[in-house]
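Trainee: Taking the hints as your guide, dock the two standalone chains into a single complex.
Line by line, the protein sequences give chains V and U. If you use the working numbering, the first sequence closes out at 163, no skipped numbers anywhere. If you use the working numbering, the second sequence closes out at 722, no skipped numbers anywhere.
Treat the hints with caution; some may be incorrect.
Claimed, not checked - Here are the computed lysine-lysine pairs in the DSS-like style, where the Cα-Cα straight-line distance is at most 30 Å: (1) K120/U with K233/U; (2) K233/U with K266/U; (3) K120/U with K75/U; (4) K279/U with K332/U; (5) K134/V with K61/V; (6) K194/U with K120/U; (7) K494/U with K332/U; (8) K551/U with K314/U; (9) K602/U with K134/V; (10) K551/U with K61/V; (11) K134/V with K551/U; (12) K61/V with K602/U.
Simulated from the structure, these hints should not be mistaken for laboratory data.
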Amino acid sequence: MVNRFYNVLLFMALALAPLAGQAEANLEVNTPAIASLKQSMQSRHAQLVEHYNSGAVGLTRDGMVAMRDANAVPLAQRQAVNALVSAENQDRTALYREIARANNHPEWESKIRATFGQRWVNLARSGWWYQTDGNAWKQK
Amino acid sequence: MYNRSFILLIVAIGCYLLTLSASAAYPQLKFSVADIKSPVFQTGSIEVRIDTSQSGARELAIDIEEIAVQDYALKDIRVLCRAFQWNRHEIQCTNGQLIAGDIFASALPMQFVATRSHLTVDLRPPGGEHWQFSIEWDAELWHAALTVKAGKMTHFARWLPEMLDHESFPTLTGGKLHGKIKVSGDLKGVTSAGIDLSIDALAFSDAAGMHAGEDITLSVKSNIEHDSRREHWKWRGDILWRQGAVFWQPLFFSGTDHALNVQGVFDGKTLAVHDSHLALAEIGTVKFSGVADWPDARMREFQLDAGNMALSALFDQVLKPFLADTVFAELEISGLADFAVLIQEGVLQEINLALEDVNIIDQRDRFAFHRIQAHIPWQAANTTIADISLLDGHVLRIPLGAVRVPLEIKNSHLYVPQLALPVLDGVLKLEDFSAAHTDTGWRWEFGGKLTPVSMEALTEALQIQPMHGILSAYIPRVHYDGESVSVDGVLQINVFDGSVVIHQLKLIEPMGLTPHLTADIAMRNLDLGLLTSAFSFGKVEGRVDIDVSQLELANWKPIHFDAHMFSSPGSYTRRISQAAIRNISALGGEGAVVAIQRSFLRFFEEFRYAEIGWRCALRFNVCYMGGIEPEPGSRYTLIKGGGIPAINVMGYNRDVGWQELISRLQRVTQENEPVIQ
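Chain U with its partners taken away, still in its complex shape (with noise of 0.2 Å):
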């Protein structure tokens, strides 16, 4: 309908003045058109006037006061002609000026020729710019076309955050466009259009520069049609990001030769997008189609395919910028993957997602998983199983082996009947895991046991000081709360022929940068022979319990306790040999050992004794000690002697810093045996 309107204004000019030529001169000829209505354009008054000088020279001007489309409008926009003919076919105006204030900022050269039947514009601005308009006609068909050579796209600059509806959006600070657009119609409306335009040079920023571009050249194939026997629109785009950057914030996107081809229907009430793709290089590509509502966008279908996506690139490019600040902003991911998503009415209805020889591994080496193979389903109204297996990884160096996981997924909510992971040479049985995502994240829990692993392969796994042993243990029920680790009842743990009881055993922002760990512990009737040997600290045989309660650990090394050992009630052998208490001696003073050197007891390679104590409460990095009992004053008791021989050994040292105390226990257990001499 309006282009109806449009070309009838265009007709009623060139009658006028076809029929002007032929009539006698007139000083000045003026008439105007109130406005002209239609859905997709509207134009305030026209007013187009001729002025004739006394040489008889004649001057064309049209002055617009506004063409808006739908809410963008250009103002007082001015066509004048100074050098123009016509005749009976044909109006030419050879030296025009266009004056578009909001557009262009001076007055553009301007030609123009006018037919009963068509209608050419040229502009062609400074900088080698060069804009053609032209339409043609007929009773019942017009053709218009937009022909653009090396054309500036900062003229829409202004015109951009308002189209996109966004103030802060980026500003087109270069680009050049070149092409055609094409615009077909009939009396009433456009039937067909079709863009083929090249960008290059593309550059735009928003004033703090997050959202930005540079030196992007594309290329937009673009053509819609309407098929009036079924009553709808086909399209089709095309774009081809042959190159160029962008960053917009927290994304990086760059590289060559991504592609989007979209294409589908529209029938005034429904958009159909069918068979469309997107290609990003290096990644892989999406496939996609859906149905919306028009014009309340509401997504009635919508299909996304992806396979043999490259997870390297993936992550790297698109996810990771969005985890930034979680655990996963550290890691590596390679492998493949393939996805699909189905939404219905809106409501995400099913997800699938495989993987194909997928490593996860944490550049800080807090875990890794290698070699992960899953099919996992999701679908909104079922419960589904899970099939994901893994090859081998480690958590906090503690390696893991092969095993399958069979996962029950119902929602939000994960479920995992049992496990047997295998850790090291046993096997850390898993029962009733169970995850839910909550809006405060994620939250999981499970209860099992660990079977025998040995203490030689643990302490090689986690490179401390070789022990012997095996250590297993019961867990009961841990949960996860969003942030932290915590374990309902007590966690039982056997080593050292003995046991360990870990009360409140909580572990604080786990995957954290500094991963807190506080518990009580009671450890009892270990075996010190088993327990020295492992530091080569001296043949020392006894049993001790041991309490630490208080603990806390951050980043896995203590910052605070209170620890009491003392010898464990019972009958049993209680026999130190020299070098031991050589070397208990150098942590707590040399006196016990001067005692040796100076007596008979030289000559004696073990002693009985009746007790060993010893005490540390650790507070800000100094260990403050004591021996068997509370004691006033500088000295305390580690060793009461018993039997024959015996001794006594007797700290002197209260108060150590932390890391001293531990470069010498360092220090006594990396060296041999030592020989009193």
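The following block holds chain V by itself, in its conformation from the complex (with noise of 0.2 Å):
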């Protein structure tokens, strides 16, 4: 249920609208290298949902994920989702390099990191975290 459930999310982040600004952009590119990210991000977000649910773990603005709250959190598992957290930046960070590069353009690496950033945050669970603009967090 939630792997059926981050493949809807992973596919609409992708699907929606245009990058803002490069309206060229294919962000549905699939390479060998986004399509193994995506399984490792898709593997992952089963054990990361349950932190996003507790709002231990919020959605940044530039697309990546970040302790929130870690006392909610028992002392003893918070390494291991700092760790969680960790790897979900570094398949984030090489998704969107990968999505530029596929494109050509590896150049808008950053324009894509902050399209996808607002995508998770439109598409993330009512009661999630996210950060706003001004860095502060809100839930949704």
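Mentor: This is the structure:
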């Protein structure tokens, strides 16, 4: 169920409106590297979703995730969740870079990242936390 | 000096009250002390007042404006005593109150007894706490003690961030203190002190929970003693971590029975640490000593020595959390390590690292090195030689044999003049390997060659289609700039009895999540017999050249190239079997097979050909195909017949999905030689 939801989420993040300011960018582009990253993110989502729900992890403006309130995680698990966040951010960074490369415009990486940042927030479930333009945390 | 002032104050109050006891009653008596200053603490104005009611009952009130210890101050402290007795020898308050809002939220029940040579103050906050302060003195010596039972650590919650000069320092949220602190001295000051405390259920956290501890039980023992003959302080501290857990991003520290034992001397200008050690359960013991100037904390000398450290626990608990964003984040390391560090005058002078039976394994299976033995010395001022040996391992599935590396180390530069690394049944000879650590990370370069490796062994190791022949290579200068591996010049490989020249070879983020490889490749004179037999493709005799330009692999899979395969110039046998024709047709269209089946050609096992050609431009997962010559329309010629019997093979599919093409190839090559019926 979680994976199915994540598939929808990822598909919509990739398929919604054109990249802001880069109408010709193809965010749906698929390469073996992108497929591998999406698979990795999808399998990790099942572990992250409970932390989105609890508010421990939130979505940042720049298309990444961050530990927002570690108090929501038992002390003994905080390092593992921290590592999970770090691994997710590595995959997300690589995903944005690969999409830019696949479009033959590596210089679009930062704009692709910003566009994804907005899309992840739009698609977040009610109750999840995200970072506003002023870097404050807000619950959806 | 300050102790003398304090004692004098106590004595003054005592004497005054004792004198008062013998004198006539007064409605109110009051006297003030402006302030007391010492190097360690200061007090603001102190006012002592005794009010006498009409019934003759007396009330003692002591108001202290401020007690400051260095930069930390307690303000508005008040002692009230509504029931107190005194005589020539003693003052006793059995029903008093201490009001100190900076520490205690409400007034605390208090008792005290004072004589000419002794003062005891008892505080009993609610919840079973008991704090007892006592001091006794004579003409030359004094002894003070603070005894605590079930004292709540949260009393100090407000003070801790200020004491550590860190506003975001975690707040104490729990913990109970038991034990005793003793201080002794003479008229010149403190001469010795001792701490014997245990703390249980200690808990703390910052607002974000990124620096927090829970359920911590510690015991702390410490003593310090002044050696008047040598004019220094001799000190010792022992902390035993009995249980608990701390998350201090990114570290998580838990377990039982960790111990820190430190000792040394302090002469006011120099702090020396002798024979100290930190014992971490499951990891090992680190011994250390050093000398630092005081008070600027400049490290004059520091020595650290650790033996038989369990690398598995050391890496997982201490090192790995700091490597989260690097390729090392997913390593498993086991084995033992010894290391020693020497710092002099604040500068790192020597490191010695020894590894014993160490295994380094990448959890993503990109590489593994087994049974590493190493002695790696490093000296700031000299070149050293490290001896590193490896029993076996693999990189990107390619097995490596035993190797011994004579590594020259000079500051942050590494150099290996020659290295013979067994790779499968060949040897990778590296020459002039040099590496340096710069502000932007590690950079390295080397040259070398690969002596013949059998393709059977290589393809088996890579878990790809078995191939025959040998592979050898000349490797020009290869360098890594912190992000990419590039080859200066061309990489030459001999395979399938032909040659492969790779130009512009570049490997971007080789150990990243999605490594990219770009290159232009020119293959010449490849033996089609060797090549096709590898793939069960059907027999083809002849030779081909293949140009692959603008090749790009992402995650080791092709995402872009322009490939052109064509018959090599020259005179050689050019024959192709029916089976091979059928398989080629399966890739480009079924026309040729139909033609064979419908004509007398089906009686021939082999055909002659004049030329073979195939083109593919891979773009966005689609292979745009062509044949020997660029041709308009949907048809293109893959094989041009020549001689008797001869046959032309045409292709009809211009655009084929790359995955579909690969699937077709796999089907063709996995099946046995097809039979024309």
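Trainee: Could you work out which earlier hints the structure fails to respect and list their numbers in ascending sequence?
Mentor: Violated hints: 7 and 8; rest satisfied.
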